[in-house]
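Colleague: Here is how the chains run, residue by residue.
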Amino acid sequence: MHLDPFELHRPTTVDEVVRLATELAGRFDYLAGGTDLLPNYKMHLNAKPHLVALEDVGELRGHSETRLGAMERLADLEADRAFGRVHPGLSDAIGEVATPLVRSSGTVGGNLLVDTRCFFFNQSYFWRSSLGFCLKADGDRCHVVPQAERCYATFSGDLAPALLVLDAEVEVAGPTGRRRLPLGALYDPAGDGIRRTRLAPGDLLVAVHLPPGAPGRRARYKKLRVRPSYDFPELGVAVAGAWDSDRVRSLRLAVGGVETLPRRFDDLTDPLVGAPLTPETVNRLADEVQRRVRPVHNTFLPPDYRRRMVGVYVRRALAEAREGSAG
Amino acid sequence: MSSPEPGPYRLLGGRIPYVEGPLKVTGRAEYTDDIQRPGMLVGRLLRSPWPHARLVSVDVRAARALPGVLAVLTGDRYPTPFGVLPITHDETAIAVGKARYIGDIVAAVAATDELTAEKALSLVRFKVEPLPEYSDPRSGLSKVAEPIHARGLLGSNIQKEVVQHFGDVDAAFARAAVTVRVRGRFAGVTHAFTEPMATVAEATPDGRLTVWSATQVPHYLHRTLSEVLEIPMHRIRVIKPEVGGGFGGKSDPLPHEIVCAALALETGRPVKILFDREDVFYTNHGRHPTQNDVRIAADADGTFLGYDIEALIDGGAWSSFGTVTTYYNGVLAMGPYRVPNFRYKGQRVYTTKPPSGAMRAHGGTNLRYSIELALDALAEKLGVDPFDLRERNALPPNSTTINQFRITSTSFVKCLTAVRERSGWDAKFRRLPYGRGVGLGCGFYISGSNSPIHFTPKMPQSTVHLKVDMDGGIAVHSMQADIGQGSNTLLAAIVAEVLGVDLERVHVQRVDSDVSPVDLGSYSSRVTFMMGNAAREAAESLRDRLVAAAARTLGEPAGSLEVGHERIAVRGRPDRFVTFLDALHAAMETSGALTASGSYRSPTLGGTFKGARAGTAPAYSFAAYVAEVDVDVETGAYRIPRLWAAFDCGRALNRLAVEGQIEGSIHMGLGQVMGESMNYRSSRLLNPSLLEYKIPMPQQMPKVEILLVGDDDPEGPFGAKEAGEGPLIATLPAVGNALYDAVGVRFHELPITPDRVLRGLDLRAAEHRPWKGA
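Protein chains in written order, with our numbering: chain A, 1 to 327; chain B, 1 to 774.
Treat the hints with caution; some may be incorrect.
Taking lysine-lysine pairs in the DSBU-like style, the calculated list, with each CA pair at most 30 Å apart, reads [what the hints assert, rightly or not]: (1) B:Lys127 <-> B:Lys143; (2) B:Lys428 <-> B:Lys772; (3) A:Lys42 <-> B:Lys381; (4) B:Lys414 <-> B:Lys458; (5) B:Lys703 <-> B:Lys458; (6) B:Lys119 <-> A:Lys42; (7) B:Lys428 <-> B:Lys414; (8) B:Lys381 <-> B:Lys428; (9) B:Lys610 <-> B:Lys345; (10) A:Lys48 <-> B:Lys119; (11) B:Lys703 <-> B:Lys610; (12) A:Lys42 <-> B:Lys24.
Some residues of chain A that are not near chain B, with every Cβ distance over 12 Å (derived) [claimed, not checked]: (13) Ser129; (14) Arg180; (15) Pro182; (16) Asp267; (17) Val282.
Keep in mind that the hints were calculated from the coordinates and are not lab data. Predicted model, so just to flag it, every value in this text is computed and none were measured. From the three backbone atoms N, C-alpha and C, an ideal C-beta is built for every residue, glycine too.
Could you build all of it, start to finish, from the sequences and the hints given here?
Modeller: Here's what the structure looks like:
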């Protein structure tokens with residue numbers, strides 16, 4: 001397998017990136033670590049003729065307790081013990097991404113916008129040609145859900161659920177200037193599974209911002225996978241909350257790794273605020289989340305098992321978050 | 001680690017770092033892909049996207065016309081069939097007439113660079129007629145519309161059928177007090193060695209062809225190249241550079257090796273073919289997907305009365321070692337216990353999937369899993385401890401099995417005793433809380449297949465040559481294939497031990513058919529035993545000449561001299577000596593450089609019935625392992641915190657290498673238990689990558705305690721037997737039985753993924769069968 005030739009651009013400012021992105025719209029990908037993109041390019045998965053490398057754009061680097069540059073490397077966050085203490089859930093998620101080697105290249109923005117995965121997509125050109133290709137690349141049908149008109153490939157980032165429960169916002173630069181939107185609004189459920197975000201041509205993810213209350217929130221991220229490293233999530237459950245003695249002051253829950261997008265379940269958690277979290281309410285919450293998610297058979301573990309684990313992981317994440325240190 | 005008692009040898013029995021280690025860890029060791037030749041071309045293979053198709057016609061004109069393309073080959077150019085076993089030549093270098101699986105090679109090109117080669121492949125146009133896909137071996141048991149190979153039994157896809165019956169199994173079952181049955185199902189697994197296959201070939205104007213290849217068996221490659229390319233062997237030179245692991249996957253002569261040589265012949269230029277990981281998965285030759293049915297009968301005191309075994313083996317598209325596989329899936333039930341009555345029916349069936357073949361502990365692994373689970377059930381039914389049951393039935397040393405395997409040394413009972421004590425078995429078995437458990441698994445394996453695949457039995461299976469000149473360096477030549485298991489180190493150590501010199505004097509030469517005498521290579525755990533004996537004989541012959549020269553110099557009788565510490569001295573009088581170099585130079589006065597040769601041929605073994613040679617070996621290794629598991633009963637995930645491995649490899653000659661083989665075998669065995677699986681949707685391999693083929697991570701490895709308890713084998717070199725494959729087998733049932741002790745479910749299907757664990761727990765709950773109070 002080889003990389004087809006591409007033109008590499010190395011802008012140094014956000015303005016320059018936006019200009020390039022506008023000019024090359026549809027014909028480029030951002031290179032923000034490359035740990036997923038380059039293997040996909042070798043498999044000729046939607047490879048583009050241009051790559052815009054973001055590593056020289058200084059503004060995209062660096063982190064504080066409330067701001068993560070989009071190009072901040074996961075290993076740099078991991079090495080910051082103080083950051084890990086105030087963001088236990090995020091720290092869980094970062095430490096569970098792939099392997100230390102991948103985390104030394106992988107970035108915050110790269111993980112939030114990482115491509116979705118499917119057994120019938122993440123294959124070589126030869127493999128896919130033998131099957132007749134699929135909706136997501138070079139073809140017109142889905143091999144997982146027959147007659148599907150949308151793509152069911154699985155969201156495979158670990159950071160998104162952990163940031164969603166912290167009410168993170170993303171800062172986006174685009175041709176018309178900068179804007180901020182909730183991380184949840186970055187992902188577009190109205191998309192077809194191939195287009196999954198509300199980013200427009202020319203847009204660049206600049207940073208993730210965390211609200212002032214986020215540091216110290218009791219949070220956990222729990223990841224299901226076959227092996228304790230290397231593997232993408234087969235399920236990821238994040239919770240964050242605050243408690244007054246036993247009474248819930250705030251609670252957020254998000255799930256990734258089972259559907260095309262990560263999602264938060266505010267309509268299930270908001271009603272729990274103000275009351276104690278009893279085993280019954282926890283079970284009801286876990287059961288309802290489990291009932292709602294719809295994994296399909298496109299990863300290693302069977303969908304019925306992954307779904308069953310949603311309930312278990314919700315219960316465990318909640319229990320561990322409540323026991324965990326508030327920092 | 002058990003602490004070794006001081007042995008009788010200076011080097012052997014110690015911990016000897018690999019002689020090539022410094023080169024490997026500094027990146028200096030030369031692997032096949034490191035070889036660069038002037039003007040070298042890139043060879044690339046076009047693989048079939050069809051599971052089964054008739055190749056009606058092919059148009060290669062556009063590919064040939066592409067600038068930078070020097071050759072395009074299709075199957076008609078070198079159509080001679082080949083295969084590792086002479087009786088089943090059903091492979092061709094490139095598909096002839098039909099493609100038989102997704103990944104089968106249908107064309108090849110040589111071009112100046114990768115991109116041109118791949119572009120050329122995309123221009124090859126086939127007209128094909130799709131043929132029926134046979135992905136399930138059961139579909140091939142009777143006459144089929146389009147047999148995958150014409151040689152299938154009676155128009156079916158059955159490649160090999162074995163039926164054996166010793167004693168009277170029906171009578172044994174009729175009088176049995178207890179019977180047990182396990183129906184095992186095993187996904188295919190693959191070797192997943194580190195170094196993908198690679199071959200370089202060059203045809204030179206002197207009429208010779210040189211082939212460098214990542215192979216375990218240079219000699220069979222040499223023969224096959226000669227047969228298919230129709231060039232006499234003496235005009236072909238096969239070189240084996242360093243090899244980054246094989247585990248059986250590089251033991252067949254493989255199509256790409258022949259294609260590479262053919263492209264070199266066609267173009268007159270050197271050609272390299274380097275595989276990526278997906279190519280490796282399609283080449284496979286891994287452990288067969290298998291279903292077996294094992295029934296065991298015993299009398300009331302636990303004495304085994306008989307085994308009744310069936311196996312259905314999914315062969316994939318080629319025969320490979322399949323005939324051996326079909327025998328092994330039955331006859332490797334013959335140890336480590338006495339089996340007085342035995343019946344076996346095995347069928348290996350072609351399917352339109354990547355070929356299966358020999359993989360570490362070939363033929364013994366899946367069978368052993370089912371047997372050992374059945375024995376655990378038998379012990380439970382009888383109310384006896386699993387250790388006691390096994391000990392009662394252990395094969396004694398110097399015995400003969402009912403199918404006439406000759407058992408000489410066995411320290412199996414010592415393995416049982418040691419592992420029972422070290423694991424704390426008696427305090428743990430059925431006494432750990434729900435979710436935790438211990439399990440015993442045992443095994444045995446051949447220490448070198450007694451039957452050389454190609455030779456008449458008159459020729460030795462291994463020959464070693466030594467040459468020492470005035471510089472005092474000892475060159476060792478042999479076609480044994482070090483693939484990372486440490487055979488070069490052992491070869492050097494044996495020579496140094498016998499000659500009483502330092503290890504650094506001994507230089508094991510790269511395998512090169514022009515100068516290396518034939519050894520059959522690295523398969524069937526034969527190298528230590530066979531090469532070791534040949535090396536010992538060669539070194540002793542050299543030593544005797546040095547001692548004779550020293551005797552002349554010292555004026556002492558040769559019988560009074562001993563070697564050691566680079567000297568030849570009078571026994572008991574260490575001040576009366578000549579140095580190794582002085583003795584050497586004295587010996588050279590008559591002959592110049594000294595050369596010596598040693599060889600090994602195995603004894604005549606086995607019965608005279610059909611298939612009697614399958615599984616015969618000059619010795620057998622034995623194992624008894626205990627695994628401890630910790631199951632998360634809510635998720636089905638489990639850990640294996642500890643594993644105790646008692647192993648009988650006779651005398652361990654290089655403890656470092658033996659321990660490495662045992663730990664590596666445990667890792668590989670755990671892979672097959674915990675998650676490794678070639679997953680198919682019909683004939684399509686879903687996970688041809690190391691991301692989705694789930695080799696265990698380092699965090700999943702247990703803390704392993706190795707107990708080397710073997711007594712010297714009477715025929716093994718310095719008492720040694722194999723340690724390369726046998727150590728894998730016991731791993732799997734030890735975990736399977738530990739899971740039963742933990743949660744009360746016998747998992748008959750591998751791999752045991754967390755979802756299967758939960759399904760097992762659900763079933764147990766549905767049967768209202770409580771376990772340890774849960």
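Colleague: Run through the hints listed earlier and report the numbers of any the structure violates, in increasing order.
Modeller: The structure breaks hints 3, 4, 5, 11, 13; every other hint is satisfied.
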